[in-house]
Amino acid sequence: DSGVTQTPKHLITATGQRVTLRCSPRSGDLSVYWYQQSLDQGLQFLIQYYNGEERAKGNILERFSAQQFPDLHSELNLSSLELGDSALYFCASSVLGGSEQYFGPGTRLTVT
Amino acid sequence: AQTVTQSQPEMSVQEAETVTLSCTYDTSESDYYLFWYKQPPSRQMILVIRQEAYKQQNATENRFSVNFQKAAKSFSLKISDSQLGDAAMYFCAYRSALLIQGAQKLVFGQGTRLTINP
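Protein sequence lines, in the order shown, are assigned to chains A and B.
The first sequence lines up with residues 1 to 112 when you count with the numbering used here.
The second sequence lines up with residues 1001 to 1118 when you count with the numbering used here.
Honestly, the hints are just simulated from the structure, not real lab data.
This list has only true hints and no planted wrong ones.
Here are the computed distance ranges between Cβ atoms for each label pair: (1) A:41 / B:1071: 25 to 33 Å; (2) B:1040 / A:8: 16 to 24 Å; (3) B:1041 / A:61: 23 to 31 Å; (4) A:79 / B:1014: 46 to 54 Å; (5) A:79 / B:1030: 39 to 47 Å; (6) B:1063 / A:12: 35 to 43 Å; (7) B:1113 / A:110: 16 to 24 Å.
Quick list of in silico lysine-lysine cross-link-like pairs, BS3-like style, CA-CA up to 30 Å: (8) B:1070 / A:57; (9) A:9 / A:57; (10) B:1073 / B:1055; (11) B:1055 / B:1070; (12) B:1073 / A:57; (13) B:1078 / B:1055.
Computed from a prediction, not measured in an experiment: that's the story for all the values here.
Positions of the beta carbon are idealized from the N, C-alpha and C atoms, including for glycine.
Next up, chain A with everything else stripped away, as it sits in the complex:
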């Protein structure tokens, strides 16, 4: 158990809908990262937050957004969902500058 929690584990929704994925980092970790794992794109970095502030953006679509709350949990919002958004979404956390990132169990999103 990495100490990072993600909910829900599975999500099935229809095209055009909006979903929210939730992540709670390890105790003491201020940095949260979101990654997408899909069959065709592999594991890709989406976005990083540090202590409530956006710190880095990767290959994140404009339809996707994220935020980190004062209690340090983070949410990834995916809207106008398309079939191609079906993937495993991971959250990871670390201390700022810490070399190691600890991953949550992931949320499997299926868009039908």
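Mind docking chain B on chain A? Use the hints.
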């Protein structure tokens, strides 16, 4: 931009034997971290081993060890005495040591699926 390449999509090994997974990377930085992550069928990403680029000594964690060749930009993972529980996807990953914005993200290779034959 940094890239990570795993040229072996699949590997298999007999239980109790040794197997080596290959990884190469491209970067212009001199200080960085390299990782191997294991993803079993449960899909959980598990950190197996970490290597700091400034350290010449190869990292070792029990049955797992790496061969880090900085000049060649090569970072292979050796699994000794393979066990059935080692069956998984293995991902090589790179992370810059810089603390500037955007530098802490992990860049992953495409993965190698390891099968253990009993």
